[in-house]
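S.K.: Sequence:
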Amino acid sequence: MGSHRGIGNDLLRLQGQWTMVSGSRDGRPLPETLVKRSERVIDGEETIVRIDGQLLDRSTFVLDTSSTPFTIDCLITAGPGKGHLQRGIFAFTEETVRFCFARPLARRPESFTTAPGDGLTVSEWRKDHKVE
533 MGSHRGIGND LLRLQGQWTM VSGSRDGRPL PETLVKRSER VIDGEETIVR
583 IDGQLLDRST FVLDTSSTPF TIDCLITAGP GKGHLQRGIF AFTEETVRFC
633 FARPLARRPE SFTTAPGDGL TVSEWRKDHK VE
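Mapping to this note's numbering: the sequence shown position 11 is 543, numbers consecutive.
Everything labelled a hint here was simulated from the structure, so no lab data went into it.
Straight-line C-alpha distance at most 30 Å; calculated DSSO-like pairs for lysine-lysine:
hint : residue 1 : residue 2
1    : Lys614    : Lys659
2    : Lys614    : Lys568
3    : Lys568    : Lys659
Modelling step: build the complete structure from the supplied sequences, incorporating the hints.
M.R.: Written out as structure tokens, the structure is:
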């Protein structure tokens, strides 16, 4: 996708391997076993999400950090939503990054909350600092 608006160091800060620490969808917490087995790898402007090593989603993305919350648009290139645009928001904490994504093609979320039936997924990820 390749274009950036207001990026600074935020794209660099996202690079690497991340492990999910918490998540919820449609107002319900994700099962702890699923959370513990989920990983996200961000390389350049591509992100890959795997559960137990199995591909869940691969996408290219564009960030916009000129608004609050920051926005992320993902074009899904592999997985169930292949070919669709998924809109989200993200925010850094001191040690983690939080995302909230809508279903593919749905309106961008406005906050890091989810309620029954809203189709939103909120997740928090911690960078994996293992030596590879």
